[in-house]
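S.K.: Put together the whole structure using the sequences plus the hints.
Protein chains in written order, with the working numbering: chain A, 568 to 794; chain B, 158 to 405.
By construction, these hints were calculated from the structure, which means they are not laboratory data. Mixed in with the good hints, there may be bad ones.
Simulated restraints, written as ranges between beta carbons of each label pair [claimed, not checked]:
hint : chain 1 : residue 1 : chain 2 : residue 2 : range
1    : A       : L632      : B       : M345      : 56 to 66 Å
2    : A       : T703      : B       : G319      : 14 to 24 Å
3    : B       : F176      : A       : I618      : 24 to 34 Å
4    : A       : L632      : B       : E277      : 43 to 53 Å
5    : A       : A639      : B       : F176      : 35 to 45 Å
6    : A       : P722      : B       : A275      : 44 to 54 Å
7    : B       : P393      : A       : P722      : 55 to 65 Å
One-sided and incomplete, this derived list gives chain A residues near chain B with beta-carbon spacing under 10 Å [claimed, not checked]:
hint : residue
8    : Q693
9    : T700
10   : G701
11   : M702
12   : R709
13   : V711
14   : R718
15   : P722
16   : T725
17   : M788
Partial selection, computed: residues in chain A whose CB lies under 8 Å from chain B [claimed, not checked]:
hint : residue
18   : E695
19   : A696
20   : R698
21   : S699
22   : A705
23   : Q706
Even for Gly, the Cβ is constructed at its ideal location relative to N, Cα and C.
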Amino acid sequence: MDITGLVDLFFNGAVAQTYLPDLLRGAWITIYLSLAIVIAGLVFGLALALIRLVSNKAVVWFLRLFVDCFRAVPPLSVVLLLYFGLPSVGINLSAPWVLWLTLSLILAAFAEEIFWAGISAVGPGQWEASRSTGMTNAQTLRYVVLPQAMRLCIPPLTNRALAISKNTALGTAIGMPELLNEAQTALSFSGNATPLIMAAILYLIIFMPLMALAGSLEKRMAWGART
Amino acid sequence: MSQSIAQPMLDIHALYKSFNSVNVLNNINLRVMPGELVFLIGPSGSGKSTLLRCCNRLEEPSDGAIIVDGINITAVATDINKMRQRIGMVFQQFNLYPHMTAEQNVMLALQRVQKKSATEAREIAHRELTRVGLGARLTHYPSQLSGGQQQRVAIARALSLGPKVMLLDEPTSALDPQLVGEILQAMMDMKKEGMTMLVVSHEMRFAREAADRVAFMEAGQIVEIGTPAEILARGPESRACQFLSHGH
Ligand SMILES: Nc1ncnc2c1ncn2[C@@H]1O[C@H](COP(=O)(O)OP(=O)(O)O)[C@@H](O)[C@H]1O
Ligand SMILES: [Mg+2]
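M.R.: Okay, here's the thing in structure tokens:
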């Protein structure tokens, strides 16, 4: 195959124009699903870490079991299990809900570990200093411990949130019209690889700004660093 | 006469503390009068820090009573968060909040515990920080301050809440020698303003000069107590005298 053939296969203007609307619709679904997953996953993960902070050994044991399971299992297996398994017990979740639920739970499991490590890294001296001024445990957590923990958490949380958001592409397996699925459909209809290149570029456009945002957050929280 | 009328500011009565059935404090009795500076000395592990930490219930006493300004802080009905505002504490490691400026470190409890407005809290913070000589360091973060400056912020943070008694646990032990003087000066200033203080420290020269009384602890008990002059007169058979006459 000569070079014009290659260009025609991967960078075909006519194909791009035809399928751009479909791909943009898919990209939009990917964006809002990712946002919903990141928000739910982080909120639930923080809640789990806070529960762990105030719980007895038995509760902590169950919590860690949940966390370890969801960290260990491949996301696709959970997606398939929920999508094809739940109807047999009378629960019907649509594809977007299955994807949202699965990835939120998995992100929550990872986020719990990260938040917990961050909270644990704030030494007992900080708690004692704050409590010694009459602050309650809740106030100490809110104003003294969590702000310090967050700084430690942001880099690993960003990595994890991005990695798990990318799994929205698993929607393809259960027929959800997110970005990758639209690209595949376009590929089979057109017999041309251009839609896949477009999808890759759209993924870059979606996720690159998020990485930049996380980087700037990290910088803003570098309090009092000597310059 | 006046002795019997005056009420101690800090009254530690038959205090016991054990960790996992190991007795760390064994029937401690100590009365600190208003404006008095009492030094706690003794070998490492004798229970000095534990005693101090019981006085604001960072450690829960196993038995006994601690009465601060007439209120039994060990009673179940006592609101400990309210009492802690009257009991200032200064730590060996300063324990400043690293994500807050000097000013914010002082303002936090004023706003969140005493519910003062930001303006009022800032005013108090400026006043207290100026008093410890840090009027020009208000917006510095702890990482931008020397150890001595950090410890002075910690002192201002404690004083800003208007405590009746100050507990200081080795406030100079983490400092470079040339920075110790500024903390001793701050303690001297507190004493001059009539603050009641219980201090754990190895600064024996300061103890001899500034302490009203020195209590010597060993194995969880106060085994000797008296004015520096009294203890120094006991001669080398007295362990307290050996400690107190030692070093700088
Ligand atoms: N949280 C704790 N758990 C168990 N033992 C402790 C704890 N805190 C202090 N101790 C023990 O209590 C004793 C007194 O300690 P401490 O009050 O720190 O002595 P000092 O301040 O005089 O050096 C030591 O033997 C120490 O190991
Ligand atoms: Mg100690």
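S.K.: Any CB of chain B closer than 8 Å to the CB of Q706 of chain A?
M.R.: Interface hint status for Q706 of chain A: holds (5 Å vs cutoff 8 Å).
S.K.: Is the gap between the beta carbons of L632 of chain A and M345 of chain B within 56 to 66 Å?
M.R.: 57 Å, holds
S.K.: For the pair T703 of chain A and G319 of chain B, does the Cβ-Cβ distance stay inside 14 to 24 Å?
M.R.: 19 Å, holds
S.K.: Would the hint on A705 of chain A stand, with a C-beta cut-off of 8 Å toward chain B?
M.R.: A705 of chain A check fails; min Cβ-Cβ to chain B is 10 Å, beyond 8 Å.
S.K.: Could you check if V711 of chain A really has its C-beta closer than 10 Å to a C-beta on chain B?
M.R.: With Cβ-Cβ at 6 Å, under 10 Å, it holds.
S.K.: Holds or violated: is the Cβ of R709 of chain A closer than 10 Å to a Cβ in chain B?
M.R.: 9 Å, holds
S.K.: Given E695 of chain A as an interface hint, is the shortest Cβ-Cβ distance to chain B below 8 Å?
M.R.: Where the cut-off is 8 Å and the nearest Cβ of chain B is about 6 Å from E695 of chain A, the hint holds.
S.K.: Using the Cβ atoms, figure out if P722 of chain A sits within 44 to 54 Å of A275 of chain B.
M.R.: This hint is violated: roughly 32 Å between Cβ atoms.
S.K.: Hint P722 of chain A vs chain B: min CB-CB distance below 10 Å?
M.R.: 16 Å, violated
S.K.: Given S699 of chain A was flagged as interface, is its beta-carbon under 8 Å from a beta-carbon of chain B?
M.R.: 4 Å, holds
S.K.: Identify whether the interface hint at M788 of chain A stands, where standing means a beta carbon of chain B within less than 10 Å of its own.
M.R.: Check passed: Cβ of M788 of chain A comes within 8 Å of chain B, closer than 10 Å.
S.K.: Just to be careful: measuring from the Cβ of T700 of chain A to every Cβ in chain B, is the smallest value less than 10 Å?
M.R.: 4 Å, holds
Checked against the numbered hints listed earlier, the structure breaks hints 6, 15, 16, 22; every other hint is satisfied.
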